[in-house]
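Student: Chains as they are written, first to last, in the working numbering: chain A, 125 to 246; chain B, 125 to 246; chain C, 125 to 246; chain D, 125 to 246.
Please note: incorrect hints may appear among the correct ones.
Copies of the same chain look alike in the list, so a pair counts if it fits in one copy or across any two.
Said to hold, decoys possible - With a straight-line Cα cutoff of 20 Å, these simulated EDC-like cross-link-like pairs (lysine to aspartate or glutamate) come out:
1. 227 - 183
2. 227 - 217
3. 227 - 172
4. 227 - 152
5. 227 - 200
Read the hints as simulated data drawn from the structure, not as lab findings.
Number of protein chains: 4
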Amino acid sequence: MSDHSEPGTVPDIAALQQRLRAFAAARDWGQYHTPKNLAAALSVEASELLEIFQWLTPEQAAAVMREPARAHRVEDEVADVLAYLLQFCMALDVDPLAALAAKIERNELRFPVGGTPPLDAS
Amino acid sequence: MSDHSEPGTVPDIAALQQRLRAFAAARDWGQYHTPKNLAAALSVEASELLEIFQWLTPEQAAAVMREPARAHRVEDEVADVLAYLLQFCMALDVDPLAALAAKIERNELRFPVGGTPPLDAS
Amino acid sequence: MSDHSEPGTVPDIAALQQRLRAFAAARDWGQYHTPKNLAAALSVEASELLEIFQWLTPEQAAAVMREPARAHRVEDEVADVLAYLLQFCMALDVDPLAALAAKIERNELRFPVGGTPPLDAS
Amino acid sequence: MSDHSEPGTVPDIAALQQRLRAFAAARDWGQYHTPKNLAAALSVEASELLEIFQWLTPEQAAAVMREPARAHRVEDEVADVLAYLLQFCMALDVDPLAALAAKIERNELRFPVGGTPPLDAS
Numbered sequence: 125m126s127d128h129s130e131p132g133t134v135p136d137i138a139a140l141q142q143r144l145r146a147f148a149a150a151r152d153w154g155q156y157h158t159p160k161n162l163a164a165a166l167s168v169e170a171s172e173l174l175e176i177f178q179w180l181t182p183e184q185a186a187a188v189m190r191e192p193a194r195a196h197r198v199e200d201e202v203a204d205v206l207a208y209l210l211q212f213c214m215a216l217d218v219d220p221l222a223a224l225a226a227k228i229e230r231n232e233l234r235f236p237v238g239g240t241p242p243l244d245a246s
Numbered sequence: 125m126s127d128h129s130e131p132g133t134v135p136d137i138a139a140l141q142q143r144l145r146a147f148a149a150a151r152d153w154g155q156y157h158t159p160k161n162l163a164a165a166l167s168v169e170a171s172e173l174l175e176i177f178q179w180l181t182p183e184q185a186a187a188v189m190r191e192p193a194r195a196h197r198v199e200d201e202v203a204d205v206l207a208y209l210l211q212f213c214m215a216l217d218v219d220p221l222a223a224l225a226a227k228i229e230r231n232e233l234r235f236p237v238g239g240t241p242p243l244d245a246s
Numbered sequence: 125m126s127d128h129s130e131p132g133t134v135p136d137i138a139a140l141q142q143r144l145r146a147f148a149a150a151r152d153w154g155q156y157h158t159p160k161n162l163a164a165a166l167s168v169e170a171s172e173l174l175e176i177f178q179w180l181t182p183e184q185a186a187a188v189m190r191e192p193a194r195a196h197r198v199e200d201e202v203a204d205v206l207a208y209l210l211q212f213c214m215a216l217d218v219d220p221l222a223a224l225a226a227k228i229e230r231n232e233l234r235f236p237v238g239g240t241p242p243l244d245a246s
Numbered sequence: 125m126s127d128h129s130e131p132g133t134v135p136d137i138a139a140l141q142q143r144l145r146a147f148a149a150a151r152d153w154g155q156y157h158t159p160k161n162l163a164a165a166l167s168v169e170a171s172e173l174l175e176i177f178q179w180l181t182p183e184q185a186a187a188v189m190r191e192p193a194r195a196h197r198v199e200d201e202v203a204d205v206l207a208y209l210l211q212f213c214m215a216l217d218v219d220p221l222a223a224l225a226a227k228i229e230r231n232e233l234r235f236p237v238g239g240t241p242p243l244d245a246s
């Protein structure tokens with residue numbers, strides 16, 4: 125895949141969205157990428173990430189990146205989650221970075237410092 | 125929350141991670157943010173995004189941003205998914221942008237142009 | 125809702141499926157209950173069950189039924205998961221009890237006694 | 125696996141729970157089957173069921189049992205969802221059939237006949 129970023133540099137969100145769009149267009153996958161399907165795919169990939177951890181103790185979970193095969197699997201699922209999140213956002217014209225910045229502002233007000241644990245936050 | 129970005133500009137991933145880290149530290153929530161808990165929370169938030177769409181027809185789903193209350197809910201859940209993804213990545217020192225760039229490279233090889241539909245891709 | 129079971133007795137799976145079917149029919153909800161929508165709803169409800177546990181330590185999780193409000197929430201989400209599983213199975217004419225019996229037989233062969241932990245079983 | 129049900133008959137929920145318990149005990153898997161882990165596993169399996177449908181049109185989804193390989197996969201994931209639901213219920217001493225019967229009673233009151241669509245019901 126050719127883009128115009130420097131070799132060895134990590135692209136930013138906008139560049140990744142561009143590459144995802146080109147990838148899907150070249151394979152005529154746009155027809156599958158409806159908002160509803162992408163939301164389903166995002167949740168499926170997030171569960172695949174969770175699957176890696178489901179039987180691990182907290183100690184095993186914290187050490188997961190020390191084993192190369194598992195570390196690769198974690199990075200692979202992180203990539204899938206981010207890919208579907210970015211494609212979902214493109215489908216509905218949502219800016220994920222602006223959405224998160226706004227949410228952090230709201231949470232500053234909702235959860236004052238020194239307040240409750242996150243048990244019932246959502 | 126005070127950071128040093130220009131007013132009105134959207135922060136990048138690194139700035140958002142910094143703000144998420146400060147937010148959790150100020151509330152002593154770091155103890156909850158183990159990799160396993162964050163993977164669970166990420167999958168829960170992705171399902172909350174899917175919940176918005178679960179009973180909608182494709183047409184209703186495509187129009188979801190035209191209704192302000194639903195649009196806000198979509199942006200809110202996108203923010204939560206991204207927040208937990210970034211916090212998970214901080215906990216395990218994974219670079220989500222590099223992981224996605226590498227995955228796109230691999231998928232270029234796995235799914236040649238003109239090949240199969242994504243039905244069994246994962 | 126009137127059925128013909130004895131008061132105070134717990135209905136079996138077939139009776140519950142009958143009641144779910146009547147409930148949906150009376151509200152004209154059958155149009156929403158496609159296999160794909162029901163699979164999405166099932167996964168959303170399973171995540172709502174997980175949400176109760178996401179920040180809990182193993183000790184807190186084991187004690188969850190001792191607190192009435194949380195115990196009620198657990199039972200409520202268990203009911204939702206079972207409801208959508210049974211409705212999904214009705215939509216596709218799958219017998220969930222027969223499917224599980226067959227799966228246990230297969231797993232007896234796949235995972236011999238004294239073998240591996242379930243880390244990679246799925 | 126030997127139990128005392130008649131050959132060819134489908135066991136009921138109690139018999140399946142008994143078999144699941146014996147299966148886990150023989151493999152010393154009880155240590156993994158904490159309520160939190162089982163809730164995570166249940167949500168992971170529900171997502172694997174959803175994965176089968178994520179790119180399908182409603183028509184393809186409705187025809188999924190006509191293709192033997194996909195039909196088998198559906199039954200396999202239904203079995204996994206039910207298995208983890210039953211094991212979760214055993215771990216916390218919840219009766220899933222009673223929970224669903226009680227929930228249907230509550231929903232009769234919450235959603236009167238002739239009322240709203242299920243869009244915001246949960």
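Student: List in ascending order the numbers of the hints, as given earlier, that are violated by the structure.
Tutor: Hint 1 alone not satisfied by this model.
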